[in-house]
Amino acid sequence: MPTVTLKLVTIVAERVLQERLLRTLKELGARGYTLTDVSGEGSRGVRASEWEGHNVKIETIVSPEVAERIIEHVAEHYFQHYAVIVYAQPVEVVRGDKYV
Amino acid sequence: MPTVTLKLVTIVAERVLQERLLRTLKELGARGYTLTDVSGEGSRGVRASEWEGHNVKIETIVSPEVAERIIEHVAEHYFQHYAVIVYAQPVEVVRGDKYV
Amino acid sequence: MPTVTLKLVTIVAERVLQERLLRTLKELGARGYTLTDVSGEGSRGVRASEWEGHNVKIETIVSPEVAERIIEHVAEHYFQHYAVIVYAQPVEVVRGDKYV
Numbered sequence: 001m002p003t004v005t006l007k008l009v010t011i012v013a014e015r016v017l018q019e020r021l022l023r024t025l026k027e028l029g030a031r032g033y034t035l036t037d038v039s040g041e042g043s044r045g046v047r048a049s050e051w052e053g054h055n056v057k058i059e060t061i062v063s064p065e066v067a068e069r070i071i072e073h074v075a076e077h078y079f080q081h082y083a084v085i086v087y088a089q090p091v092e093v094v095r096g097d098k099y100v
Numbered sequence: 001m002p003t004v005t006l007k008l009v010t011i012v013a014e015r016v017l018q019e020r021l022l023r024t025l026k027e028l029g030a031r032g033y034t035l036t037d038v039s040g041e042g043s044r045g046v047r048a049s050e051w052e053g054h055n056v057k058i059e060t061i062v063s064p065e066v067a068e069r070i071i072e073h074v075a076e077h078y079f080q081h082y083a084v085i086v087y088a089q090p091v092e093v094v095r096g097d098k099y100v
Numbered sequence: 001m002p003t004v005t006l007k008l009v010t011i012v013a014e015r016v017l018q019e020r021l022l023r024t025l026k027e028l029g030a031r032g033y034t035l036t037d038v039s040g041e042g043s044r045g046v047r048a049s050e051w052e053g054h055n056v057k058i059e060t061i062v063s064p065e066v067a068e069r070i071i072e073h074v075a076e077h078y079f080q081h082y083a084v085i086v087y088a089q090p091v092e093v094v095r096g097d098k099y100v
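Residue numbers (the numbering used here), protein chains in the order written: chain A, 1 to 100; chain B, 1 to 100; chain C, 1 to 100.
If you are wondering where the hints come from, they were derived from the structure by calculation, not from laboratory data. Incorrect hints may appear among the rest.
Claimed, not checked - Result set (BS3-like, lysine-lysine): computed pairs, CA atoms no more than 30 Å apart in a straight line: (1) C:K26 / A:K98; (2) A:K26 / C:K26; (3) A:K57 / B:K57; (4) B:K98 / A:K98; (5) A:K57 / A:K98; (6) C:K26 / B:K26; (7) C:K98 / B:K98; (8) A:K98 / B:K26; (9) A:K98 / C:K98; (10) C:K57 / B:K57; (11) C:K26 / A:K57.
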């Protein structure tokens with residue numbers, strides 16, 4: 001079965017940002033997402049005083065172009081003031097038209 | 001320490017499919033799996049009316065051959081009638097014999 | 001926006017090991033981590049009698065050197081006596097200085 005390589009973009013953010021980030025993902029072209037409740041400690045040390053910070057992990061599979069737009073948007077609008085990370089990885093999917 | 005490259009296969013599906021998918025994974029050659037409770041919205045829009053659909057994420061590390069079998073099986077048997085996605089990524093592991 | 005390729009290291013372990021593993025990650029150079037409650041069955045069959053073993057997934061983004069140290073440490077100190085897996089994947093990030 002032929003596979004297509006798309007991008008899995010993962011955002012880990014404070015839970016208060018969830019709705020805003022989901023709206024942005026849609027506006028930037030994502031057609032679906034998966035949410036996971038997570039906790040953690042970030043490199044900025046923002047949560048250093050709370051051992052278990054409540055975060056949300058948002059994952060979406062998108063085209064490389066949309067991935068780039070999402071990463072740029074998150075870095076520009078959130079990195080300075082929030083404990084947020086964003087990263088991308090190539091993933092092989094079948095039926096790539098489900099995602100783009 | 002020498003590493004081996006295997007495949008991480010991820011399935012995100014409606015929770016009602018969990019037991020059936022786990023049985024299938026074993027039959028197709030997977031020797032372990034990790035389950036995570038997740039929610040989300042899919043590209044098919046199946047869950048458009050439920051903001052938070054309860055899904056399960058199933059992850060398994062397998063050989064490239066088993067990965068291909070799992071992806072084909074899921075696409076053939078589930079894509080038409082269920083909100084399911086499946087994707088594969090290369091991962092580096094040590095002690096590859098734990099997985100295959 | 002320029003991206004840097006780092007390593008996403010994932011450890012899935014019995015929950016009792018969580019604090020010990022987090023201390024070790026910091027000692028080996030990780031500057032942040034994400035925790036997810038998961039369940040699963042492992043290739044060693046350790047959890048064969050418990051259908052849903054309570055595990056924790058620990059994810060951290062680090063330099064390739066730190067990734068190698070973490071993987072070696074986990075394999076050497078945990079593989080023999082615990083149901084633990086560890087794997088690494090390349091990830092593209094922006095602002096790589098957040099992580100290393």
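Verification of the supplied hints:
no.: 1; hint: C:K26 / A:K98; result: violated, 40 Å
no.: 2; hint: A:K26 / C:K26; result: violated, 36 Å
no.: 3; hint: A:K57 / B:K57; result: holds, 13 Å
no.: 4; hint: B:K98 / A:K98; result: violated, 33 Å
no.: 5; hint: A:K57 / A:K98; result: holds, 21 Å
no.: 6; hint: C:K26 / B:K26; result: violated, 36 Å
no.: 7; hint: C:K98 / B:K98; result: violated, 33 Å
no.: 8; hint: A:K98 / B:K26; result: holds, 26 Å
no.: 9; hint: A:K98 / C:K98; result: violated, 33 Å
no.: 10; hint: C:K57 / B:K57; result: holds, 13 Å
no.: 11; hint: C:K26 / A:K57; result: holds, 22 Å
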